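Just so you know, the protein sequences line up as chains A and B, in that order.
Take 5 as the starting number for the first sequence in the working numbering and just add one per residue.
Take 5 as the starting number for the second sequence in the working numbering and just add one per residue.
Some clues are possibly wrong.
Where chains are identical, the list cannot tell them apart; a pair therefore holds if satisfied intra-copy or between any two copies.
To be verified - Computed list of lysine-lysine pairs in DSS-like fashion (alpha-carbon distance at most 30 Å, straight line):
| id | residue 1 | residue 2 |
| --- | --- | --- |
| 1 | Lys226 | Lys253 |
| 2 | Lys167 | Lys82 |
| 3 | Lys142 | Lys167 |
| 4 | Lys187 | Lys167 |
| 5 | Lys169 | Lys199 |
| 6 | Lys226 | Lys199 |
| 7 | Lys199 | Lys253 |
| 8 | Lys167 | Lys65 |
| 9 | Lys226 | Lys302 |
| 10 | Lys142 | Lys82 |
Hints were generated in silico from the structure; no laboratory data involved.
From a predicted model like this one, the values you see are computed outputs, not experimental measurements.
Protein chains: 2
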Amino acid sequence: MSVISREVHLVSRPEGMPEPENFSLVETEVGDPGSGEVLVQNLYMSVDPAMRPPLTNGQAKLDHVLGGSAIGRVIASKNESLPEGALVQGRYGFREYYVSDGEGLRAVETEGEPLTTHLHVLGSTGLTAWSGMLIVGKLQEEENVFVSAAAGAVGSVACQIAKIKNCRVAASCGSDDKVAFLKDELGVDYAFNYKTVGSIGRELHIGLPDGIDVYFDNVGGKHLDAACGQMRLWGRIPVCGMISAYNNKGARSEGVTTLSNMVYNRVTMQGFLVSDYNDLRDDFLADMRGWMAAGKLKYRETVNEGIENAAASLIGLLQGDNTGKMLVRLAPE
Amino acid sequence: MSVISREVHLVSRPEGMPEPENFSLVETEVGDPGSGEVLVQNLYMSVDPAMRPPLTNGQAKLDHVLGGSAIGRVIASKNESLPEGALVQGRYGFREYYVSDGEGLRAVETEGEPLTTHLHVLGSTGLTAWSGMLIVGKLQEEENVFVSAAAGAVGSVACQIAKIKNCRVAASCGSDDKVAFLKDELGVDYAFNYKTVGSIGRELHIGLPDGIDVYFDNVGGKHLDAACGQMRLWGRIPVCGMISAYNNKGARSEGVTTLSNMVYNRVTMQGFLVSDYNDLRDDFLADMRGWMAAGKLKYRETVNEGIENAAASLIGLLQGDNTGKMLVRLAPE
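Full structure from sequences and hints, please.
Take a look at the structure:
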């Protein structure tokens, strides 16, 4: 039962913001699964900021299908541990079908929650926020917290974890609608649209007048420059990403000039990747499911339709089109 | 037996490099020690980069004597634990005599080494390098290490600790004489004069072609910008100081644009102050005395004479006049 799969290839490396011409949609024939293999039809794929750097730094190969997290259903199986009908998650995004020997695939076990949540609040996006805040950031009760790109998939979970820990939370985002979402739905204490305010530093002085204990950095550049200068004694800066730099040459951010405050206040800044915290997934899921059941954890999704819109979705994400998690639906559940 | 003491006051706050006019030499009468007190005559005082920020940030009071580490001799005592003749160390620099109730004073116990070493390799300067490298920087055997301001008091100890741990060491400094000192006396593997090279980044590529595991940062700005982009997986940046920023408004450094590498390579940058590691002083002294006895730890001193040259010595230090530790001798031993 070979199938025709459409998949997104990188055909040229973007300088600056990616353009549709950097990608092409290619049809390829996917054969029958061999012994020990499965044929999977993808249902949903994730679109996230971490996909940008590989387009330029060489990790993504030219004329080759892109990667990224996706959830699919096994539609033909010669692997006992992954029977037909099983839902599986792996790093096979940006394509409609694939054959795998099961290496790197994980069975998705839902407990009544929507399947898509396993690509965000209950998936790597959520684990990113959870490990960044609680493990890297060592968040304590009632601290003062700043989150940038706060209306995005990771940021919105980070804000809510801080609120669950009774922290005061200031949050930045890129539109007035997102400001309303952060205040009204997520309950952050102070939210601002960084594109329209005069100075991020002044907003932080207003929102967190006693300074910042934890800055969850998704952005780098001007955000980090403003936040670093206002870090309190023993402050922590878990660096999840630097989306402001991803479209610049060499992934260079705007210059950060306030790092000397790290000495006086013994601040720790630490970059991290979610893949380093996979061994904590059970603890993470227990926390998150508990908070969801208690109504303390909300989310939004921005869902586009069809593999033909996958590249445009990534470009849209990098331009801030999404509130909450950006997904592409590749087939009906 | 009251005495006349000369002391250095801050009379105006410098913008940029301090000028002689920012300071004045003031005579003051120091009275007899009361019950429980001692009268101390200072012998040597330390001059170090950490003295610069307080001149501007308000920690140093106007029309008030400056502080800083000094070693003196008790010349009159009404305190049993600090008898006449005892050598004591405390935060009473920039003056010739003082009265103290002993709070914050520590008896100096030499074991044959020169007294001045307790103001550098066996004092806070040495503890700064030791704790920064081994505790904050978690230095391991045979790593790749970069030290900036490497010919200074802290930097030269940091380089030698790294060599003792069999690391490959690249070092930057501000003169060709210092390059020779680093290579020929301290045995660093690659040294360069940052003022005359085309690019710090290119020097680091040559000196540490496999990248950097630990960057001991004394400088910030362009040094940090170059080093951060070349940090290896799980690299550490203990930030001891940012002397390049101290003479700028708000202690702002030149912009650092390479921080996104911290995410990909999970780099940790941590500011620290030596005062947080005083409880490790015994471990530190045991290490340092062992290395000195084995001939593995060398030092240089730049010693100026007289309280009347104390302010000029601080200005000279900030201009890089010293190799090794900058001291002022205030009275003969």
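Structure-inconsistent hints, enumerated in ascending order: 2, 8 and 10
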